[in-house]
Amino acid sequence: MIDLAALHADAISDEQARLVLADYSESQGQDVSAELLRCPLRGPAFASGIVRDDCGRLWRDELPVRRKTRKRVDKMTAEESALMPGWAQKWVDIGLRTGKVDRPLFEAAVHAIYRHAGVLGPDGKPAVPRVSWCPAPIIASWAGAVWGTLGSGSVHSQVDLQVHSQVRSQVDSQDLDRALPSTWAGAIRSSWADLFGGQFWVGSYYWWGPAAYTFALDVLRLDIGKTSELLARAYAATCESACWWYPCRDVVFVSERPTVLERNASGGLVVARWEWIEDDGSPANWEVRP
Amino acid sequence: MPTILERLACASAELQHAYDAAKQQERLRLAAAIRATQLALNACYRLLGEKAGAA
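Here the protein sequences come in this chain order: A and B.
Residues in the first sequence are numbered consecutively from 65, following my numbering.
Residues in the second sequence are numbered consecutively from 3, following my numbering.
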C-alpha cells in the first residue's frame, strides 16, 4: 500500500520520490502530472502544490466550471452590483497582505503565464523559468536588471510603473556607480522598473486589474475565450500570491511580501517594510515611505 | 579575462567595502541600497552557479 501523503511531502525536495510519484500518477492515468513530475525544472514546483486544486488547475490548464457564461455584458443587475463592494474589499485585503507569500501558487501561476504568453528562452525553445525568491522588491528588480545583461533579457513588454522616488534616489547614487561595473550600474538604472507589481497591482486601471476582471469572470460570467481566461487567471494568481516580480527569459525574480504595512487613519501609506534574516543571522530590512 | 561568476564575486566584494564604509559613516539609506545591490548580485551568482552545475 503506497503512502501517498508521505510521497507528496517527500516529492517537494526529493527527486527519487518525484519519479516514484510520476510512475504512480501514470498508472492512474494522470499523464500530465507524470510528465510534470519527471521534468527537472518544473517537477519541484509542481510537487509543492500537488495536493491543491488551485495550483493543479494552473499546471494542467484547467478552468473552474462556470455555467451560463455570457459573451458580453451591457448592464449589471442590482444583485450583481451589490456584490461589488465585497469583491473590491477582498482584493484590497490581498493588496495589503503581509507575511508569507504563497510559493506553490505563484510558481504554478508564473509557469502558466510563460506557457500561455509563448515566452521563449535564450535557446529559442519555450521558456521554463526558474523562480528566485528575494527578501525585498528592490533586490528582485535589481537582480533582474543585472541578470538581463548576462544574456537573458527582461520579457516585460508593457512597463507602466510609476517611478518611485525613493528607489530612484537610491539608483541614482554615485556611490553605487563607483562600486559596480558600469554595465550593471547602467542596467539597474535603465531597467530596474521592468517588473510587475504582484499584490500591489490588484487594482490597476478600469476593468484591467485582477480585482475587476475576476469580477467580470466569476460574478458576471463573462466568456473571454479559454486562452485569455487561462492567462487572466494565472496573472490574478500571481497578484494573490506574492509581491513585485521581475520576469527574465529563464528566471523570475520575485519578492516576499512586506513584513509591515503601516497606514494612517485615512488609509494612506506610512511605511512598507520588508524584514529578513541574513545568512550570518543578523536582521536586515528595506523600507518605503511616501 | 575573468568569468561572469568571478566578476559577480568581485563586485560583491567591492560592495562589501562600500557597505562597511557607509555604515561606519552612518549613511544608513545608502548602506541599505548597497546591501540590496549586493544581495541582487548574490542571487545572480547563485543562479549562474546552479546553471553551471546542471550543465
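Some clues are possibly wrong.
[Said to hold, decoys possible] DSS-like, lysine-lysine: derived pairs with alpha carbons at most 30 Å apart:
no., chain 1, residue 1, chain 2, residue 2
1, A, 139, A, 290
2, B, 53, A, 164
3, A, 132, A, 154
4, B, 25, A, 189
5, A, 135, A, 290
6, A, 290, A, 154
[Unchecked claim] Some chain B residues judged to face chain A by a derived CB distance under 10 Å, without partners named:
no., residue
7, 6
8, 34
9, 45
10, 49
11, 51
12, 52
Hints are computed from structural coordinates only; laboratory data are not their basis.
The C-beta atom is built at its ideal place from N, Cα and C for all residues, glycine as well.
Structure-based check of all given hints:
no.: 1; hint: 139/A to 290/A; verdict: 23 Å, holds
no.: 2; hint: 53/B to 164/A; verdict: 27 Å, holds
no.: 3; hint: 132/A to 154/A; verdict: 24 Å, holds
no.: 4; hint: 25/B to 189/A; verdict: 45 Å, violated
no.: 5; hint: 135/A to 290/A; verdict: 12 Å, holds
no.: 6; hint: 290/A to 154/A; verdict: 25 Å, holds
no.: 7; hint: 6; verdict: 6 Å, holds
no.: 8; hint: 34; verdict: 6 Å, holds
no.: 9; hint: 45; verdict: 4 Å, holds
no.: 10; hint: 49; verdict: 6 Å, holds
no.: 11; hint: 51; verdict: 12 Å, violated
no.: 12; hint: 52; verdict: 8 Å, holds
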